[in-house]
Every structure is written in structure tokens, then in C-alpha cells.
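J.: As given, the protein sequences belong to chains A and B, one line each in that order. Residue 88 in this note's numbering sits at position 84 of the first sequence, with consecutive numbering throughout. Residue 97 in this note's numbering sits at position 73 of the second sequence, with consecutive numbering throughout.
Keep in mind the hints are simulated off the structure, nothing from the lab. Even glycine gets a Cβ: it sits at the ideal position worked out from N, Cα and C. It is possible that part of the hints are untrue.
What the hints assert, rightly or not - Over 12 Å on every C-beta distance to chain A, these chain B residues come out as not near it, computed from the model:
{"no.": "1", "residue": "VAL28"}
{"no.": "2", "residue": "ARG33"}
{"no.": "3", "residue": "ARG46"}
{"no.": "4", "residue": "PRO85"}
{"no.": "5", "residue": "ARG108"}
{"no.": "6", "residue": "GLY109"}
Unchecked claim - Reference excerpt, derived from the structure (chain A facing chain B, CB under 8 Å, subset only):
{"no.": "7", "residue": "MET15"}
{"no.": "8", "residue": "ARG47"}
{"no.": "9", "residue": "PHE95"}
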Amino acid sequence: AQTVTQSQPEMSVQEAETVTLSCTYDTSESDYYLFWYKQPPSRQMILVIRQEAYKQQNATENRFSVNFQKAAKSFSLKISDSQLGDAAMYFCALDQGGSEKLVFGKGTKLTVNP
Amino acid sequence: NAGVMQNPRHLVRRRGQEARLRCSPMKGHSHVYWYRQLPEEGLKFMVYLQKENIIDESGMPKERFSAEFPKEGPSILRIQQVVRGDSAAYFCASSPSREKLFFGSGTQLSVL
Numbered sequence: 005a006q007t008v009t010q011s012q013p014e015m016s017v018q019e020a021e022t023v024t025l026s027c028t029y030d031t032s033e034s035d036y037y038l039f040w041y042k043q044p045p046s047r048q049m050i051l052v053i054r055q056e057a058y059k060q061q062n063a064t065e066n067r068f069s070v071n072f073q074k075a076a077k078s079f080s081l082k083i084s085d086s087q088l089g090d091a092a093m094y095f096c097a098l099d100q101g102g103s104e105k106l107v108f109g110k111g112t113k114l115t116v117n118p
Numbered sequence: 025n026a027g028v029m030q031n032p033r034h035l036v037r038r039r040g041q042e043a044r045l046r047c048s049p050m051k052g053h054s055h056v057y058w059y060r061q062l063p064e065e066g067l068k069f070m071v072y073l074q075k076e077n078i079i080d081e082s083g084m085p086k087e088r089f090s091a092e093f094p095k096e097g098p099s100i101l102r103i104q105q106v107v108r109g110d111s112a113a114y115f116c117a118s119s120p121s122r123e124k125l126f127f128g129s130g131t132q133l134s135v136l
């Protein structure tokens, strides 16, 4: 069974600083995708970044980047130059190859302090 | 191109009533997924549908829950005889392929 673990229920960061959110996962497949989703108080699930497991290069999207360690099954999200609008719940998710369903972690609540 | 539309945004039902949640996927998307989010939890997969077909319902409770995606109209998640444990946020997502899901804003179901 696939599992996704986010060990930090809450994190906080000062505005303009950098923060890293942790995620580990377990799967027996070699072909899969990993995602980070942001859920602000509006409840909308917003895709932040996506990583294909077969790609060694870490994905980046503007201020968001990942550290993908396939052997360690680790997929952390780094947010640089944090902004007040980054405050939200962040969910790590795994899409196993050949499957049509995402497995989500329990989330990390990020607070950005002015 | 409008996003994934879910309605209602909030739904209140008394125990024993039926709840119907609607989802209109993004234009051109033929894959629809339903997820449930319990308080303080991540989303959990319920069912995956394509037009007129249920592809994977492995996450659906065996009783009282059903889903459809007809040839015309929105996808419907139906919960019969609701109980308090059904209170949750229900999310719909659509996709043109399995590589990227687009989520709606969810329906918050409250069972009194």
C-alpha cells in the first residue's frame, strides 16, 4: 500500500524568509508522480508543483522548488522569499504509476508572520 | 475556460436525508474524480469516473454512496440516509489525463 507522511503538522516562517516542508512516501512502484498542493482557507486545492519519479532533476516553479530524493523516498518543498499569501495548508500527494488516484498526506499548516 | 464547478458549496442535511453533490468538470475533461476530506485529514480517493462509466470505486463505502457521470450533465455524488460521520468536505477533480488534476472548491456537507 502507498503511504504519504508529513511529519510537521504546523510550520511558521517570517515573511521573505525560506521554509522547507517535509514529505516522505512509500511505494513499491518505480513509475509515479509526486505533487504538492496548497489549500488556503477558501478550501480550493491548488497545484503548486509536480515531479515525475523518472526525472532526476528537481522541479521548480518560481519561488517553489522540491528536493526529490528517490532512494530515500523523500520529497520536500522549499518556499523561498515567503509571502503572506503563502499561508495555507500544504499537502503532499503520490500518484502511483498506472493508478488514477492520489494518496495524500495529512498536511502541514504554514503560517507566514509579517 | 471555467474551472471545475461544484455545487452547492455548503449543504446541510439531517440524519436520514439524502445528499446530492454536483460537479461540472472543466471543458474538454473526460475524467472525473471524487475525494473526501475529513477534519484535520488529507483528501482520500473515493471514485474515478469517465462518461457513463465507473472506472474505479475502490474508495467508496459499500453502502449508501453512489456516483455517476452521465453522457450529458454534471457528475453526481449521492449519499443516501446520511449519518453524522458523513460530515466532510467533498472534492471533485477533473483531468484531461492522469498527470494533472484540477480540483473544484469542494462541497462542505454538514449532517445535523
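J.: Hint by hint, say whether it matches the structure.
T.: To see whether the hints hold, each was checked on the structure:
With a closest Cβ-Cβ approach of about 10 Å to chain A, VAL28/B is found to fall inside the 12 Å limit, against its non-interface label. Chain A draws ARG33/B into its interface by the beta-carbon criterion, the shortest separation being 9 Å against a cut-off of 12 Å. With a closest Cβ-Cβ approach of about 16 Å to chain A, ARG46/B is found to remain outside the 12 Å limit, as its non-interface label requires. Distance check on PRO85/B: its Cβ is at least 16 Å (rounded) from any Cβ of chain A, clearing the 12 Å threshold; non-interface status holds.
For ARG108/B, the condition that its CB be more than 12 Å from all CB atoms of chain A holds, with the nearest at approximately 20 Å. Every C-beta of chain A lies more than 12 Å from that of GLY109/B, the closest at about 18 Å, which supports listing it as non-interface. For MET15/A, the suggested interface contact is broken, since its CB lies about 16 Å from the closest CB of chain B, more than 8 Å. Hint on ARG47/A holds. Least Cβ distance to chain B is approximately 5 Å, under the 8 Å limit.
For PHE95/A, the interface hint holds, since its Cβ comes within 8 Å of a Cβ in chain B; the closest pair sits about 5 Å apart.
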